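Chains as they are written, first to last, in my numbering: chain A, 1 to 136; chain B, 137 to 246.
Watch out, some of these pointers could steer you wrong.
Claimed, not checked - In silico SDA-like links for lysine to any residue, alpha-carbon gap of 20 Å or less:
1. A:Lys113 to B:Asn219
2. B:Lys202 to A:Tyr99
3. B:Lys230 to A:Asn93
4. A:Lys33 to B:Glu218
5. B:Lys202 to A:Glu100
6. B:Lys230 to A:Ala8
7. B:Lys206 to A:Leu69
8. B:Lys202 to A:Lys33
9. B:Lys230 to A:Leu101
10. B:Lys202 to A:Gly105
11. B:Lys210 to A:Val96
12. A:Lys113 to A:Phe94
13. A:Lys113 to B:Lys230
14. A:Lys33 to B:Lys205
15. B:Lys202 to A:Val96
16. B:Lys205 to A:Lys70
17. B:Lys230 to A:Asp71
18. A:Lys113 to B:Gln222
19. B:Lys210 to A:Leu98
20. B:Lys206 to A:Glu102
21. A:Lys33 to B:Gln222
22. B:Lys206 to A:Asp97
23. B:Lys230 to A:Tyr109
24. B:Lys205 to A:Asp97
25. B:Lys230 to A:Gly60
26. A:Lys113 to B:Leu226
27. B:Lys206 to A:Met2
28. B:Lys205 to A:Leu101
29. A:Lys33 to B:Asp163
30. B:Lys230 to A:Asp97
31. A:Lys33 to B:Lys206
Hints listed in this document are in silico derivations from the structure and should not be mistaken for laboratory results.
It should be emphasised that the depicted structure is a prediction, and the values quoted were computed from it without experimental measurement.
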Amino acid sequence: MMPSKTFAGQFTSLEEIADFIAQAAQEAGFNDKDIYAIKLAVDEACSNIIEHGYGGEEGGDICCRYNVLKDGLKITIRDWGTSFNPEEVPEPNFEVDLYELEPRGAGLYFINKLMDEVNFEFDTGDGNLLTMIKRK
Amino acid sequence: MEITTSQYKRCDVVKAVGRVDSNTAPDLENQFNKILDDGKSGIVFDMAEVDFISSRGLWVLLETQKSCKKDRGKLVLVNVSENMQQSLDLAGVKHFIEIYDDLTEAVGSF
């Protein structure tokens, strides 16, 4: 069984999404540090969907689904916004002087750092699908 | 997210309770900007009761630090939990913002 829940693509949904994901991570038996990491990765993904995929808060829904694995947790996030090429998103550079820091592009970088597997699909016939796996 | 500010002699202490995410980060940004607009540039951000901070929140801290430093002040952090440290480490925040263990020490750094 893969429990799922659909949320309005609005920033006010982020806390509710975090609660849903925290429950999933607890069910999968992760420790507090990893639960936080999973919540952060999902928050970054959903924030990006609202901001970039939907171009704002009235763009559409976000469907979160999870599957407890033997050795971890698989989370899928579906949206129906604009697709993008993850390869073309520049990695933020934090090894510069304070004034050279550019406030963008950290979300995807964080997701890749926090999760063990990250995969985007944009030609599903039913929106965009982000699959993330965190292993113990 | 609840935000409160207390004035000290050489700095203001901003305390937030709850999540700093894309929904709430603008409120924190406004609070910091109010202090800067008053001509003050010494800020302690007390994170004791912050239980989540996303990249959007981190950018608020880093951009505020830029403004404080321009005015010869600084933003410092205090009471950073292990989970908050996870967020801060992803963006190498400690290279840009001093982090203190207790409030007296943080306020005393000004």
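Against the structure, the hints:
1. Of the pairs offered as hints, the one joining Lys113 of chain A and Asn219 of chain B holds, with about 15 Å between alpha carbons and a cut-off of 20 Å not exceeded.
2. For the hint linking Lys202 of chain B to Tyr99 of chain A, the alpha-carbon distance of about 6 Å falls within 20 Å, and the restraint holds.
3. Annotation: proposed proximity of Lys230 of chain B to Asn93 of chain A holds, straight-line Cα distance about 15 Å (limit 20 Å).
4. Proposed proximity of Lys33 of chain A and Glu218 of chain B is supported: the alpha carbons are some 8 Å apart, at most 20 Å.
5. Proximity of Lys202 of chain B to Glu100 of chain A is assessed by CA-CA distance (about 10 Å); at most 20 Å being required, the pair is judged to hold.
6. Proximity of Lys230 of chain B to Ala8 of chain A is assessed by CA-CA distance (about 35 Å); at most 20 Å being required, the pair is judged violated.
7. A C-alpha spacing of about 50 Å is found between Lys206 of chain B and Leu69 of chain A, which places the hinted pair above 20 Å, so the restraint is violated.
8. In summary, the hint linking Lys202 of chain B to Lys33 of chain A is not supported, as the alpha carbons are separated by about 30 Å, beyond the 20 Å threshold.
9. Under the criterion of a C-alpha separation no larger than 20 Å, the hint pairing Lys230 of chain B with Leu101 of chain A is consistent with the structure, at around 14 Å.
10. A C-alpha spacing of about 19 Å is found between Lys202 of chain B and Gly105 of chain A, which places the hinted pair at or below 20 Å, so the restraint holds.
11. Straight-line distance between C-alpha atoms of Lys210 of chain B and Val96 of chain A comes to about 18 Å, which keeps the hinted pair within the 20 Å bound.
12. For the proposed pair Lys113 of chain A and Phe94 of chain A, the alpha carbon gap of about 14 Å is at most 20 Å, so the pair holds.
13. With a C-alpha separation of about 18 Å, the suggested pair Lys113 of chain A and Lys230 of chain B falls inside the 20 Å cut-off, and the hint holds.
14. In summary, the hint linking Lys33 of chain A to Lys205 of chain B is not supported, as the alpha carbons are separated by about 32 Å, beyond the 20 Å threshold.
15. The suggested pairing of Lys202 of chain B with Val96 of chain A holds, with an alpha-carbon distance near 13 Å, which does not exceed 20 Å.
16. The suggested pairing of Lys205 of chain B with Lys70 of chain A is violated, with an alpha-carbon distance near 49 Å, which exceeds 20 Å.
17. At most 20 Å may separate the alpha-carbon atoms for a hinted pair to count; Lys230 of chain B and Asp71 of chain A exceed this at roughly 33 Å.
18. Between Lys113 of chain A and Gln222 of chain B the CA atoms are separated by roughly 11 Å; this keeps the pair inside 20 Å, and the hint holds.
19. Only pairs whose Cα atoms come within 20 Å are accepted, and Lys210 of chain B paired with Leu98 of chain A is accepted, the gap being roughly 12 Å.
20. Using a Cα cut-off of 20 Å, the hinted pair Lys206 of chain B and Glu102 of chain A holds, with the two alpha carbons roughly 16 Å apart.
21. Among the hinted pairs, Lys33 of chain A with Gln222 of chain B is consistent with the structure: their alpha-carbon atoms are about 8 Å apart, no more than 20 Å.
22. Of the supplied pair hints, the one linking Lys206 of chain B and Asp97 of chain A holds, its CA atoms being roughly 13 Å apart against a limit of 20 Å.
23. Distance hint between Lys230 of chain B and Tyr109 of chain A is fulfilled; the C-alpha atoms sit about 18 Å from each other, no more than 20 Å.
24. Of the pairs offered as hints, the one joining Lys205 of chain B and Asp97 of chain A holds, with about 12 Å between alpha carbons and a cut-off of 20 Å not exceeded.
25. Under the criterion of a C-alpha separation no larger than 20 Å, the hint pairing Lys230 of chain B with Gly60 of chain A is inconsistent with the structure, at around 37 Å.
26. Note on Lys113 of chain A and Leu226 of chain B: the hinted pairing holds, with a Cα-Cα distance of about 8 Å set against a maximum of 20 Å.
27. Between the alpha carbons of Lys206 of chain B and Met2 of chain A the distance comes to roughly 51 Å, so the proposed pair goes past 20 Å and is violated.
28. Between Lys205 of chain B and Leu101 of chain A, the direct Cα distance comes to roughly 14 Å. Compliance with the 20 Å bound is thereby established for this hinted pair.
29. Between Lys33 of chain A and Asp163 of chain B, the direct Cα distance comes to roughly 27 Å. Violation of the 20 Å bound is thereby established for this hinted pair.
30. For the suggested pair Lys230 of chain B and Asp97 of chain A, the alpha carbons sit about 12 Å apart, so the restraint of at most 20 Å is met.
31. Restraint check for Lys33 of chain A and Lys206 of chain B: not satisfied, since their Cα atoms lie roughly 35 Å apart, outside the 20 Å limit.
Checked against the numbered hints given earlier, this structure breaks hints 6, 7, 8, 14, 16, 17, 25, 27, 29 and 31; the rest are met.
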